[in-house]
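Residue numbers (my numbering), protein chains in the order written: chain H, 1 to 186; chain F, 1 to 121; chain G, 1 to 167.
Hint data in this document are derived by calculation from the structure and do not stem from the laboratory.
Cβ atoms here follow ideal geometry from the backbone N, Cα and C, with glycine treated the same way.
Hints are not guaranteed to be accurate.
In silico DSSO-like pairs for lysine-lysine, Cα to Cα no more than 30 Å straight-line [claimed, not checked]:
no.: 1; chain 1: F; residue 1: K37; chain 2: H; residue 2: K80
no.: 2; chain 1: H; residue 1: K48; chain 2: F; residue 2: K84
no.: 3; chain 1: H; residue 1: K149; chain 2: H; residue 2: K23
no.: 4; chain 1: G; residue 1: K9; chain 2: H; residue 2: K149
Here are a few chain H residues that sit away from chain G, every Cβ distance over 10 Å (derived from the structure) [stated by the list, open to error]:
no.: 5; residue: Q6
no.: 6; residue: D40
no.: 7; residue: Q57
no.: 8; residue: D124
no.: 9; residue: Q129
no.: 10; residue: E133
no.: 11; residue: H141
no.: 12; residue: V154
no.: 13; residue: S158
no.: 14; residue: S164
no.: 15; residue: F167
Label-pair restraints from in silico Cβ distances [stated by the list, open to error]:
no.: 16; chain 1: H; residue 1: G160; chain 2: G; residue 2: E48; range: 24 to 30 Å
no.: 17; chain 1: F; residue 1: I120; chain 2: H; residue 2: Q150; range: 30 to 36 Å
no.: 18; chain 1: F; residue 1: K86; chain 2: H; residue 2: D22; range: 44 to 50 Å
no.: 19; chain 1: H; residue 1: K80; chain 2: G; residue 2: A51; range: 39 to 45 Å
no.: 20; chain 1: G; residue 1: G16; chain 2: F; residue 2: K15; range: 55 to 61 Å
no.: 21; chain 1: G; residue 1: A51; chain 2: F; residue 2: G19; range: 55 to 61 Å
no.: 22; chain 1: H; residue 1: S61; chain 2: G; residue 2: S75; range: 33 to 39 Å
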Amino acid sequence: MVRAAQQGDMAAFEELVARHRDKIYARAYSMMRNEEEAIDLSQEAWVKGWQRLSQFQGDSSFGTWMTRIVINLCLDQLRKQKRHRTESMEELNEESGGVERQMPAVIINPAAGIERAELRQRIDRALGQLSYEHRTVLVLHEFEELEYKQIAKVMECSIGTVMSRLFYARRKMAVLLTDLKKEDLR
Amino acid sequence: MKFQVQLVWATDDAKPPAGKNYKPLEPAIRRQIKALKWRNYFEVRRIDFSVPAGEAKKVPISEKCELDLKDLGHSKIEVVLFGKGKEVARVRQALHKGEILVPGGDAPNETAWLAILKRIE
Amino acid sequence: MSNQEEQLKLQAYLDGELSESESREVENRLAREPDAAALLAELRQTGEALAGFEEGIQLPESREFYWSKIQRQISAPEPLREATPSPAPLIQRLRRLFVPLAGLALVTVAVLVSIPSAPQENIGVETSLADSGAMVYHDYSAGATFVWLSYPADKEAVDNDEMDPFE
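Construct the entire structure; sequences and hints are all you get.
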C-alpha cells in the first residue's frame with residue numbers, strides 16, 4: 001500500500017489515511033488538547049506525508065513515521081502559542097516543581113478501583129491540566145516511547161530538564177487521577 | 001442530493017436585535033466558518049431541500065434573495081444567487097457531503113449576512 | 001527519601017535509562033528503602049494507567065469529509081494571482097472580513113473584477129460575478145468556499161437601513 005502511494009496512487013494513500021487517521025489525530029489531540037486544532041494539524045501532517053512519501057524508507061512503520069510528522073507540527077504550533085502567552089503563576093510553580101515534588105509517595109496504584117471509562121475521562125482531564133511542556137514530555141515518553149535524549153532533542157532542552165518535567169508530570173498525573181487535593185498532602 | 005441553507009447574521013453584538021428571535025449558530029457550522037472574523041453568528045432562517053439528480057431548484061432565502069441550485073452530476077453543482085431579482089453571482093464547483101458554500105455580504109452597522117449552503121447527503 | 005537527584009534516578013531506572021552499575025545501586029536502595037520502592041511502584045502504575053489511552057480516541061469526522069480536505073490540499077495548484085492588482089483595497093477588505101491569514105487553512109484568494117464569465121477552473125471552482133467588488137475565498141481545511149459580494153451595493157441605502165437583507 002505504501003509503495004503504491006509512493007508511486008502516486010492517490011487511492012492507496014487514501015486507504016493509508018483511513019487506516020491510520022485515528023492514531024494520528026489522537027496524538028495531535030493528546031498534545032494540543034483542542035479538537036479543532038488537532039484535526040487541522042493532523043490533516044496538515046497527511047499533506048506533508050504525501051509530499052515526503054519518497055523519503056519514507058521503511059526503517060520504522062508507516063504509522064510511526066506519520067506520528068513523528070504530526071508531533072513536529074504540534075510542537076511548532078505549541079511554540080508559536082507559547083510565544084504569545086504570558087505564563088501563569090501555576091505554570092511557574094510547575095516549572096519549579098511545586099508542592100508535588102515534596103509530597104510523600106503515598107499513592108498506591110493511582111488507577112485502582114477506577115473503571116476503564118472513568119479512568120480515560122480522568123486521564124483526559126488531567127492531561128488538560130498540565131502545562132504544555134509537561135504534557136509534551138509525558139506524551140513523547142509514555143505514548144511515543146522516546147528515550148530521554150530523543151525527547152531532549154525534540155524539545156530543545158537538556159536531558160536533566162526532560163527528567164524533571166517527566167517526573168513532575170507523572171506525579172501530578174497520579175494526584176489528579178486519584179482526585180487528591182493539595183490540602184490533603186500537607 | 002440534500003441540502004440545507006441557513007441565512008445567518010454575523011455580528012460582534014452579543015445578542016440579536018430586540019424583538020428578533022434568532023438562535024446562535026450551532027458549533028459545528030461555526031467551526032467551518034472560523035475564517036470569518038465576527039464574534040457571533042445567529043441563524044435567521046433555515047431551509048432544508050432536495051434536488052433530484054440532474055435537476056434544479058429555486059430556494060428563496062429572504063424577500064430580496066433567492067438561490068438557484070442545479071445538480072451537474074459527480075457532486076458538482078451550479079449555484080446562482082439572485083438579489084432583488086438580478087443575478088449577482090454564479091458559482092460552479094464540487095460540493096461534497098459536509099462541505100459548505102457561503103455567499104455573503106455586508107449588512108448595516110458592520111455586520112454581515114451569510115447564506116450558508118451545506119450539502120447534507 | 002527527599003533528595004531530588006535520587007528520585008530522578010529512580011525514574012531513570014524505571015525507564016531503562018541507567019547503566020548496569022547505576023541500576024544495581026538503585027536496586028540495592030530499593031531493597032533497603034520502602035519509600036523508594038513505593039515511589040517506584042507509583043511511577044510504574046501511573047504509566048500503566050496511561051497505556052492505551054489514545055486507542056480510545058476517534059477522529060470526529062467522517063472518512064469522506066476528512067479525506068476530501070486533504071485531497072484538495074494535495075491537489076491544490078499555485079495560488080491565483082489577482083486579475084488586476086489593487087493591493088491596498090484587497091488587503092483592507094481581507095483584514096475586514098477574515099481573521100489574520102497566518103493559519104494553515106488559508107490557501108487561495110481570488111479577486112475577480114467584473115467579468116460576466118471568468119472561469120477559474122484550475123482551482124475547481126468556476127465563478128462569474130456580476131458584482132465588481134466580489135471575492136472568492138477557500139478555506140480548504142474547513143471545506144468552505146466563501147463568495148463575498150458587495151450586495152447590498154448601495155452604500156447610501158445601507159447607511160439608511162433601507163436594504164436590510166434579512167427583511
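Each hint tested on the structure:
1. K37/F with K80/H: holds, 21 Å
2. K48/H with K84/F: The hint is violated at about 46 Å.
3. K149/H with K23/H: Judged against 30 Å, a Cα distance of about 24 Å means the pair holds.
4. K9/G with K149/H: holds, 15 Å
5. Q6: holds, 14 Å
6. D40: Violated, because the least Cβ-Cβ distance between D40/H and chain G comes to about 5 Å, which does not exceed 10 Å.
7. Q57: holds, 21 Å
8. D124: violated, 8 Å
9. Q129: Holds, because the least Cβ-Cβ distance between Q129/H and chain G comes to about 14 Å, which exceeds 10 Å.
10. E133: Non-interface label stands for E133/H: nearest chain G Cβ at 16 Å, farther than 10 Å.
11. H141: Violated: least Cβ distance 7 Å, not greater than 10 Å.
12. V154: Its Cβ never comes within 10 Å of chain G, the nearest being 16 Å, so this holds.
13. S158: holds, 12 Å
14. S164: violated, 7 Å
15. F167: Violated, since 5 Å does not exceed 10 Å.
16. G160/H with E48/G: 24 to 30 Å: 26 Å Cβ-Cβ, so the 24 to 30 Å window holds.
17. I120/F with Q150/H: 30 to 36 Å: At roughly 46 Å between Cβ atoms, Q150/H and I120/F fall outside 30 to 36 Å, so the hint is violated.
18. K86/F with D22/H: 44 to 50 Å: holds, 49 Å
19. K80/H with A51/G: 39 to 45 Å: The hinted range 39 to 45 Å is violated for K80/H and A51/G, with Cβ atoms some 31 Å apart.
20. G16/G with K15/F: 55 to 61 Å: Because 59 Å falls inside the window, the suggested range holds.
21. A51/G with G19/F: 55 to 61 Å: Holds, at about 57 Å.
22. S61/H with S75/G: 33 to 39 Å: violated, 27 Å
The structure is inconsistent with the numbered hints 2, 6, 8, 11, 14, 15, 17, 19 and 22, although it conforms to all the rest.
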